[in-house]
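Asker: In order, the protein sequence lines correspond to chains A and B.
Residues 320 to 668, numbered by my numbering, are exactly what the first sequence covers, in order.
Residues 320 to 668, numbered by my numbering, are exactly what the second sequence covers, in order.
It is worth saying that the hints were derived from the structure and are not from the lab.
Incorrect hints may appear among the rest.
For identical chains, the list gives no copy identity; a pair is met inside one copy or between any two copies.
To be verified - In silico DSBU-like pairs for lysine-lysine, Cα to Cα no more than 30 Å straight-line:
1. 488 x 343
2. 467 x 566
3. 321 x 490
4. 566 x 490
5. 488 x 467
6. 367 x 490
7. 566 x 367
8. 321 x 343
9. 343 x 490
10. 343 x 367
11. 367 x 321
2 protein chains.
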Amino acid sequence: MKIQDLPTPALVADGARIESNLAKMAESHPGASLRPHVKAHKSTALAKRQAAHGHQTFCTATIREIEGMAAAGLGEDLLLANEVLDASRLGEVVRRGARVTVAVDSEETIDAAVRGGVPEVLIDVNVGLPRCGCAPDEAGALADRARKAGLEVRGVMGYEGHIVGLADKAKREAGCETSMELLLGAHADVGGDVISAGGTGTFAANRWATEIQAGSYVLMDTAYAELGLPFEQAFCVVSTVVSLAPKGAGYAIADAGLKSLGMDHGNPQLPGGRVLFCSDEHVTFVPGRAEGDDLPSPIGWEAEPTIRVGDRIRLVPAHVDPTLAYHERLYVVDGEDVIDEWPIDLRGW
Amino acid sequence: MKIQDLPTPALVADGARIESNLAKMAESHPGASLRPHVKAHKSTALAKRQAAHGHQTFCTATIREIEGMAAAGLGEDLLLANEVLDASRLGEVVRRGARVTVAVDSEETIDAAVRGGVPEVLIDVNVGLPRCGCAPDEAGALADRARKAGLEVRGVMGYEGHIVGLADKAKREAGCETSMELLLGAHADVGGDVISAGGTGTFAANRWATEIQAGSYVLMDTAYAELGLPFEQAFCVVSTVVSLAPKGAGYAIADAGLKSLGMDHGNPQLPGGRVLFCSDEHVTFVPGRAEGDDLPSPIGWEAEPTIRVGDRIRLVPAHVDPTLAYHERLYVVDGEDVIDEWPIDLRGW
Numbered sequence: 320m321k322i323q324d325l326p327t328p329a330l331v332a333d334g335a336r337i338e339s340n341l342a343k344m345a346e347s348h349p350g351a352s353l354r355p356h357v358k359a360h361k362s363t364a365l366a367k368r369q370a371a372h373g374h375q376t377f378c379t380a381t382i383r384e385i386e387g388m389a390a391a392g393l394g395e396d397l398l399l400a401n402e403v404l405d406a407s408r409l410g411e412v413v414r415r416g417a418r419v420t421v422a423v424d425s426e427e428t429i430d431a432a433v434r435g436g437v438p439e440v441l442i443d444v445n446v447g448l449p450r451c452g453c454a455p456d457e458a459g460a461l462a463d464r465a466r467k468a469g470l471e472v473r474g475v476m477g478y479e480g481h482i483v484g485l486a487d488k489a490k491r492e493a494g495c496e497t498s499m500e501l502l503l504g505a506h507a508d509v510g511g512d513v514i515s516a517g518g519t520g521t522f523a524a525n526r527w528a529t530e531i532q533a534g535s536y537v538l539m540d541t542a543y544a545e546l547g548l549p550f551e552q553a554f555c556v557v558s559t560v561v562s563l564a565p566k567g568a569g570y571a572i573a574d575a576g577l578k579s580l581g582m583d584h585g586n587p588q589l590p591g592g593r594v595l596f597c598s599d600e601h602v603t604f605v606p607g608r609a610e611g612d613d614l615p616s617p618i619g620w621e622a623e624p625t626i627r628v629g630d631r632i633r634l635v636p637a638h639v640d641p642t643l644a645y646h647e648r649l650y651v652v653d654g655e656d657v658i659d660e661w662p663i664d665l666r667g668w
Numbered sequence: 320m321k322i323q324d325l326p327t328p329a330l331v332a333d334g335a336r337i338e339s340n341l342a343k344m345a346e347s348h349p350g351a352s353l354r355p356h357v358k359a360h361k362s363t364a365l366a367k368r369q370a371a372h373g374h375q376t377f378c379t380a381t382i383r384e385i386e387g388m389a390a391a392g393l394g395e396d397l398l399l400a401n402e403v404l405d406a407s408r409l410g411e412v413v414r415r416g417a418r419v420t421v422a423v424d425s426e427e428t429i430d431a432a433v434r435g436g437v438p439e440v441l442i443d444v445n446v447g448l449p450r451c452g453c454a455p456d457e458a459g460a461l462a463d464r465a466r467k468a469g470l471e472v473r474g475v476m477g478y479e480g481h482i483v484g485l486a487d488k489a490k491r492e493a494g495c496e497t498s499m500e501l502l503l504g505a506h507a508d509v510g511g512d513v514i515s516a517g518g519t520g521t522f523a524a525n526r527w528a529t530e531i532q533a534g535s536y537v538l539m540d541t542a543y544a545e546l547g548l549p550f551e552q553a554f555c556v557v558s559t560v561v562s563l564a565p566k567g568a569g570y571a572i573a574d575a576g577l578k579s580l581g582m583d584h585g586n587p588q589l590p591g592g593r594v595l596f597c598s599d600e601h602v603t604f605v606p607g608r609a610e611g612d613d614l615p616s617p618i619g620w621e622a623e624p625t626i627r628v629g630d631r632i633r634l635v636p637a638h639v640d641p642t643l644a645y646h647e648r649l650y651v652v653d654g655e656d657v658i659d660e661w662p663i664d665l666r667g668w
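Just chain A, with the same shape it has in the complex (with noise of 0.2 Å):
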């Protein structure tokens, strides 16, 4: 099949251009030092891939995940890297066989993991992000109260989240050594081999985690596209032109919108021409280049110097885990050739 041929909006990647990502990113933190990220993908058949990369440990975003992490035989080492109060679907994971480790960073949250039946966990510090984490000074006692309600502190995690998007890298490299000098001081505290932390934006930054949560490398979306860092651009939605404006008013209309685009950071870009706005099922858009346009092209595609009803177009959406989890499958392709169908099985909570 091509890509010409798909039922659109597709979420279609390039084969290549994942590999050269799991490639790079193995090369520079090889097995354990990464623990992948699947909730960027949400997709067993690229944790696969990652896992073919030497990867053994995966990091998660939802119970959900770790679920179907486990399901498809990848649960050698999962880590929730988020808080929950009812830990019991974790807890029947586990009694299957896999092993699950959950973050965190209260009382309440050390009860829910003994509750149940998740035996080890990281505690969650807060290296800056207002998200969750307790204050690094607290972490101690929560490790300290952790074991004595019986469950093993693996050590800590930390995400540098504030920081990883700085398009200045030196902000970046110094935001990312005060927040590990705050996890390294709750590290001390707390004990254990694991410090885990970081993300795409930081994953070369970060020398002091003893593995980094990267997920974004994978496919990449245009807010991680402006940090400079070695991966490529690699999946894009395939949406068809559907109509043009009346009478030469100079846009067109295609048929991808709210519903397959995450739009918390914007408007998709489209190489080759410029975004009006986005409708529920559509885009309307502007084609051909305007002066100054410096978009990459994604997967080697051009724009046709004139657009007709029936034509492809290629967004690259601005964040792509939002994107992802509206759709059901990601097209691989080698060029125009559709080579596999990766579900996107890990979606919902």
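Once you have looked at the hints, place chain B on chain A.
Answerer: Using the frame of chain A, we list chain B on its own:
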């Protein structure tokens, strides 16, 4: 089951408010004068409630929605209010006994209807929104062409989407009239019984259409809530507080985020609190009402003066349609009791 027992994030709707909204619309626009748009809720269970209120004709935005509605026995008169270049799956639905009409606005889309075996069309007319639709003065020629190709032309459709969200009622009404003058002009050239237009924002103002395509009125969202419509906000996303900020920093974190909330209209509202930002699976918020807050309480809920880990919060998404598209089911509640569970079974394409 109680709301407190639901796995979160959970899409929750108030059964009584849904029924009230359905009844108000059915009284104002009985039977076929409303063509409920299922894209807003993507649930055949909810569509069956609309049918119970007397509406047997439905509007859709995707081929999947047509297939699902027909399979659920709701195929008496289905309109795909959207252009498609491959109508073969629609033709299959027709061959199985459903009535399907598809919008066309070009030679290519007329040819696709013929090729796919869809016997009936509406001429889609651009009435001001820069999206699909032919120029009003081209509609007659397209209708001629469609009829020559053997299609039944049932009439016209034209969506005044550029003005349905105008907060100023007088401007909304004037804009609606201007758009409908264009549509009536096109209809004079096209013929047929159907003039299909409108939406929740203009259901009352649009006195020219023979049928109104409204969908959001059933559940509502924060965008439509500002228009002074008679419909009540009927749904929210219930989320569990999983973490508190260290040492009284004043924020808390709950487990709903970019993958459970449509974000194109911005952050969700939190009655009894202020949303700071959303991540993939988290919302960081400040509990408690700020001075000047004037948010309605969703489903009768008032914020606790203090918030604890394990509490539930109720977020009102800014845009209903892309929010629903992330969820597998809608929980229907009566007070705190969960009384039904409706699959969101029309997702995807």
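Asker: Hints first: check each against the structure and report whether it holds.
Answerer: Quick rundown of the hints versus the structure:
| no. | hint | verdict |
| --- | --- | --- |
| 1 | 488 x 343 | within (19 Å within a copy, 57 Å between copies) |
| 2 | 467 x 566 | between (75 Å within a copy, 23 Å between copies) |
| 3 | 321 x 490 | neither (44 Å within a copy, 48 Å between copies) |
| 4 | 566 x 490 | between (50 Å within a copy, 27 Å between copies) |
| 5 | 488 x 467 | neither (42 Å within a copy, 63 Å between copies) |
| 6 | 367 x 490 | neither (34 Å within a copy, 56 Å between copies) |
| 7 | 566 x 367 | neither (50 Å within a copy, 41 Å between copies) |
| 8 | 321 x 343 | within (28 Å within a copy, 49 Å between copies) |
| 9 | 343 x 490 | within (24 Å within a copy, 56 Å between copies) |
| 10 | 343 x 367 | within (16 Å within a copy, 52 Å between copies) |
| 11 | 367 x 321 | within (24 Å within a copy, 39 Å between copies) |
Violated hints, listed in ascending order, are 3, 5, 6, 7; each of the other numbered hints is respected by the structure.
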